[in-house]
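Q: Chain by chain, the residues:
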Amino acid sequence: MLNTIRYYLRLYLLFTKFAYRTVLQARLGILFFMGAKLVRFAFFFFFILIIFGRKSNFGGYTFNQAILFYLTFNVIDTAAQVLFREVYRFRPMVLSGTFDLILLKPHHPFIRILLGGGDILDLSLLFPYLLLALFFAFKITSITFLSLASYFILIGNGLLIATSFHIIVLALGILTTEVDHTIMIYRDMTIMGRFPFDIYKEPLRGVFTFIIPIGIMMSFPPYALFGLLSPFSYLLSFVISSLLFFGSLKLWDYALKKYQSWGG
Amino acid sequence: MIQVKNLTKIYKTTVKGSSFFSDLFNRKYKEVVALDKVSFEIAGNELVGFIGPNGAGKTTTLKILAGILYPTSGQVNVLDYFPFDKKRSFLKQIAFVMGQRNQLLWDLPALDTFQLNKEIYEVSDDRYHQIVDELTSLLNAENLVEKPVKTLSLGERMKMELIATLIHNPKLIFFDEPTIGLDLFSQEIIREFIKKYQKQYRATIMLTSHYMEDVKRLAKRIIVINKGKILYDGNLKEIVQKYSSTKLVTVVLESKIDQIKLSSIGNIISYVFPKVSYKIDRHLIPEKIDLINRLLPYMDLTIEEEPIEEIIKKLFSGKK
Chain A
1 MLNTIRYYLR LYLLFTKFAY RTVLQARLGI LFFMGAKLVR FAFFFFFILI
51 IFGRKSNFGG YTFNQAILFY LTFNVIDTAA QVLFREVYRF RPMVLSGTFD
101 LILLKPHHPF IRILLGGGDI LDLSLLFPYL LLALFFAFKI TSITFLSLAS
151 YFILIGNGLL IATSFHIIVL ALGILTTEVD HTIMIYRDMT IMGRFPFDIY
201 KEPLRGVFTF IIPIGIMMSF PPYALFGLLS PFSYLLSFVI SSLLFFGSLK
251 LWDYALKKYQ SWGG
Chain B
1 MIQVKNLTKI YKTTVKGSSF FSDLFNRKYK EVVALDKVSF EIAGNELVGF
51 IGPNGAGKTT TLKILAGILY PTSGQVNVLD YFPFDKKRSF LKQIAFVMGQ
101 RNQLLWDLPA LDTFQLNKEI YEVSDDRYHQ IVDELTSLLN AENLVEKPVK
151 TLSLGERMKM ELIATLIHNP KLIFFDEPTI GLDLFSQEII REFIKKYQKQ
201 YRATIMLTSH YMEDVKRLAK RIIVINKGKI LYDGNLKEIV QKYSSTKLVT
251 VVLESKIDQI KLSSIGNIIS YVFPKVSYKI DRHLIPEKID LINRLLPYMD
301 LTIEEEPIEE IIKKLFSGKK
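Order-wise, the sequence lines are chains A and B.
Take the first sequence: its letter number 2 is residue 2 in UniProt numbering, and every next letter is one higher.
Take the second sequence: its letter number 195 is residue 195 in UniProt numbering, and every next letter is one higher.
I should point out that these hints are in silico values taken from the structure, not numbers from a laboratory.
Reference listing, derived: stretches of chain A covered by chain B, where coverage requires no fewer than 3 residues with Cβ under 8 Å from a Cβ of chain B:
| hint | region |
| --- | --- |
| 1 | 5 to 12 |
| 2 | 20 to 34 |
| 3 | 96 to 108 |
Beta carbons are placed, not taken as given, at the ideal position from N, Cα and C, and that holds for glycine.
Please take these sequences and the hints and turn them into a complete structure.
A: Laid out in structure tokens, this is it:
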């Protein structure tokens, strides 16, 4: 078991190293990418500032709390992009038949097609987001060690949901050879998680809890931090993320059996 | 090493509907039988040529044997594994070279891909250095390993691909059109390499190629497949005995001969003085040679088997 973990860790680091070396070859591209990300972050930050310039609270949350929702979204979203950037490149692999070569390797294909393209650019944004989130978290007086631990555990749970979504995208990529639009739908849906989940009305809230659990993914960690989650909500979040994860693995197995190996 | 029994693979493809709406809401599918109850066995250290026209089922068979595709029905046993299970211990013993694809990291030197594969296959440092040295030397490619892959020619990339694929010293290798698109010189290098590699490492090899020359030069045994069915499985030389009913007789004449006299020997397939070629039924050979001796003044006479390409073409078209 330990040897297997060591094996996959070594491979992950190698794939990441090669991905970074490839990215670093296009220096102008890096400049545009980072610039665009920072501008987008700043615009939304100012958007929240403008809202609080006119209103004293947003959906019942203070300015610091609203910012924390946004930063938590950024942490989970950016971490997912750092880890799963390779999913965006899956379609050409399927269409060209390169995916065949990955299936022949004696490692799980996820180490290559899910985790194999670690994104250094997003990684450099993840740490500032995380530090800012901690900064605003400590500005909220009711924070305890337990609530902070719950916050990080639920961020981990959010990442498990993100992993499941990405596995579903990969499986659909095999079944339909379509990846770009599916991943865009996922991105558009997760963007709704920039705001506190309880500003949405039913049935949207139900859909985003039980069917596409964006709420659990993005809003539950700050809820835990503010002490607003019941034990049942904790249980619900773990059950739903686990079900989604195992469901995504089943879909992946099904897709592999249906794989027709195009381009050959 | 490989046992295949009644292997069937059916692909499901969409049929274009009569309108946009029928395509969208009432899509129809058809089943395409890529392999139809195929059975064969391959022993260790064999080099088997797998030939057939486009869409015959060659690559599908190889992909099922390598665990890429899931068979619709039938039994497949490769190295005592069911390939689709993709067990690590199974995948570490096989390799698949695809002439039209490569695994090399495009922007980086091939050496980086070798090192990546070294880690993937958990090859020891000593073994890695030894095999890279041996393979680069066999391919005369020592100066290519440190150049970015994108700067290499197609033939050079194929050499690097071979090293990357064989770095773990696999027991079983599938070569799918390894010489496709290469110039004659590069084709020859790859053929020689496969031949030497098999001899040196005693690997079992399945080879598909559109170039009969590849198969003729490398394989003793061939499996001929068409429309998902095996038409012939046996010795390459025996296919000639079994399926060729004629021989090619070429006569180099001493002087010009009347056309009627020439035609009296048999079916002329070409005549450019001084050389005349006949296609003659096998069982008529002694009789016709006797006739040539009596009627034609000649300097030289050769009797050849029909080219294998012709025999296989006949097999595909169902003629005997």
